[in-house]
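A.B. asks: Assemble the complex: chain A is given as a structure, and chain B must be docked to it using the hints.
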Amino acid sequence: MKTLVSSLLLAAGLAAPLSAQKNIELLNVSYDPTREVYVEFNAAFARHWKAKTGDTVTVKQSHGGSSRQARSVIDGLPADVVTLALAADIDALHTNGNYLPADWQKRLPRNSAPYTSTLAFLVRKGNPKGIKDWPDLIRSGVSVITPNPKTSGVARWNYLAAWGYALEASGGDQTKAHDFVTALYKNVPVLDSGARGSSTTFAERGIGDVLINWENELLLTKKLRPDDFEIIVPSVSILAEPTVAWVDKVVARKKTAEVAKAYLEYLYTPEGQEIFAKHFYRPHLPEVLAKYESQYPKLRLFTIDEVFGGWTKATKDHFADGATFDRIYVK
Amino acid sequence: MNAPSLVLPTPPPNLRPSKRTRVLPGFGLTLGFALLYLSLIILLPLAATFVKTAGLTWAQFWDTVTSTRVLASYRVTFGISLLAALFNVPMGVILAWVLVRYEFPGRKVVDALVDLPFALPTAVAGIALTAIYAKTGWFGQFLEPMGIKVAYAPAGIWVALTFIGLPFVVRTVQPILEELEPEIEEAASSLGATRLQTILRVVLPGLYPAIITGFALAFARAVGEYGSVVFISGNMPLRTEITPLLIITKLEQYDYAGATALAVVMLLVSFALLLGIQFVQRRFARGNRA
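For the record, the sequence lines run as chains A and B. Note that the working numbering has the first sequence beginning at 331, numbered continuously upward. Note that the working numbering has the second sequence beginning at 10, numbered continuously upward.
Careful, some of the hints might be misleading.
[What the hints assert, rightly or not] DMTMM-like, lysine to aspartate or glutamate: derived pairs with alpha carbons at most 20 Å apart:
#, chain 1, residue 1, chain 2, residue 2
1, B, K61, A, D651
2, B, K117, B, E188
3, A, K628, A, E560
4, B, K61, A, D405
5, A, K506, A, D463
6, A, K436, A, E595
7, A, K643, B, D264
8, A, K584, A, D463
9, B, K144, A, D558
10, B, K158, A, E636
11, A, K459, A, D557
12, A, K643, A, E498
13, A, K506, A, E604
14, A, K661, B, D72
15, A, K643, A, D656
16, A, K608, A, E623
17, A, K643, A, D503
18, A, K553, A, E534
19, A, K591, A, E355
20, A, K646, B, D264
21, A, K455, A, D466
22, A, K591, A, D578
23, B, K144, A, D656
24, A, K628, A, D463
25, A, K646, B, E188
26, A, K462, A, D405
27, A, K436, A, D651
None of these hints come from the bench; they were simulated from the model. This structure is a prediction, so every number in the text was calculated from the model and none was measured.
Bound conformation, chain A alone:
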């Protein structure tokens, strides 16, 4: 017994100096549509990190509804980095358990949004209902598929995009915007709980005339099934900025702060931006954007900050219990 213990101790003692090249494991907690893009990005980052430091880094991925993912982290899922659909979900990590500082969004360039996207429409081949822009969605007889903003990140973007459009069209009249969005949701026959559910309802179940979804998801659907659908780009939409952050509380415990930061910073490099562009996200870097420009339709984009005063305010005004979304259904 003694020899076993001492040999184990010896082995541990010997092993330590040998493993100068470390094996690091990161956990990236993300939302649904980023599954494929991060598989590619993680491999690229692992190569980059190996070349730079000699360490082997493995990045594990976890995907799900954006706010459900944030809740898992709050409840103890040890995420080194979070890459979520909206800043509000990362804000929740600050307010529930102080996992990161309040000003997390200022720690990385461009409000911690390394890639952007927008919302557009998917219609059936030939566009039988002649849908061109937002006002067509409130015509009677047009059925619109969008998930439930209470449970889905993209649904909140959809809702705010419609609101922002109506606000602009009416010259800033909040009542008219409210009426417009109310009319739109009267045309929604099914409120799925998430973005993928809505895509299934529209594409597989054949429900609805138009689906509002992430531009990157639509481009992907279009690529996979070019004969069934057409993408319609509205005149104006919201600039969706999915945000990323490292989770201070977790990286401090796991001693992974350095590599977690490097991982997120790598998203902003030409290599990282290119991978996201290949998966139909809009890159920031002008040279990468120029290369892929043809795949992104031209439309005017407004930001949540300029129209809604940021996520915290938008959430309070529109999605809290009893706020405008609830009032569409309950007067």
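C.D. replies: Here is chain B on its own, set in the frame of chain A:
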């Protein structure tokens, strides 16, 4: 050959129990274990929901659990669960009857099929049922032109809740039916009872306690069901929104206290209903013995 003796052999004195013994040790120990186990597995998590709710004042709690949407969701959840469980009672009894009383090829397969809703992840059930009943689906394409909307309508919720509740009725009634000997029915009919009278006066009374238990289980299961319903119901506020969905909705907004407030109401209502059903069942059981 010896004629069978009519005198029962008396057990030798050393084997006769001097006092009533049981195979498991002492009442105190087993009850203690039972209570500890129940506390850890059931009471503790339930207590946690009550504690989380304590973040609300009484007024906030009352507002949360009685808002218009929440009230509508109670009607959908409890109402449709009740309808589904009521429908499962005759269907489940007939199914159990067929399985117990008849020999037919494939009986074992049917018997195994009954358990499938137990094993199947309910989300899969929801997706499959939606695929069948949506307007492009196998049934939906015929039903919708007739004006019968199942998927994304209250009827869809009913279909899902009927599906997941069925095995509860079958599996509680089946063993009782197996013990009910066919000779009793033969005796009834030889004494001049019609078939209906035999069913109503002889067969069913023996089954009532099991039927009520099966009903209660199917009902309770349906009330808590989430996975299958969210896919088929369409989740429209006031119309097809179930209470468990509203709980999830509140969690998505990081409103833990509000979510547990709804959970507490569901727990209390379900517990009261189950307790009431137990009373009814006791009455029936006593009525039978008398």
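A.B. asks: Evaluate each hint against the coordinates.
C.D. replies: Tested hints:
| no. | hint | verdict |
| --- | --- | --- |
| 1 | B:K61 to A:D651 | holds (18 Å) |
| 2 | B:K117 to B:E188 | holds (19 Å) |
| 3 | A:K628 to A:E560 | holds (16 Å) |
| 4 | B:K61 to A:D405 | holds (14 Å) |
| 5 | A:K506 to A:D463 | holds (17 Å) |
| 6 | A:K436 to A:E595 | holds (13 Å) |
| 7 | A:K643 to B:D264 | holds (17 Å) |
| 8 | A:K584 to A:D463 | violated (49 Å) |
| 9 | B:K144 to A:D558 | holds (18 Å) |
| 10 | B:K158 to A:E636 | violated (43 Å) |
| 11 | A:K459 to A:D557 | holds (17 Å) |
| 12 | A:K643 to A:E498 | holds (19 Å) |
| 13 | A:K506 to A:E604 | violated (41 Å) |
| 14 | A:K661 to B:D72 | holds (16 Å) |
| 15 | A:K643 to A:D656 | holds (16 Å) |
| 16 | A:K608 to A:E623 | holds (11 Å) |
| 17 | A:K643 to A:D503 | holds (18 Å) |
| 18 | A:K553 to A:E534 | holds (16 Å) |
| 19 | A:K591 to A:E355 | holds (14 Å) |
| 20 | A:K646 to B:D264 | holds (13 Å) |
| 21 | A:K455 to A:D466 | holds (17 Å) |
| 22 | A:K591 to A:D578 | holds (10 Å) |
| 23 | B:K144 to A:D656 | violated (28 Å) |
| 24 | A:K628 to A:D463 | holds (14 Å) |
| 25 | A:K646 to B:E188 | violated (62 Å) |
| 26 | A:K462 to A:D405 | violated (44 Å) |
| 27 | A:K436 to A:D651 | violated (29 Å) |
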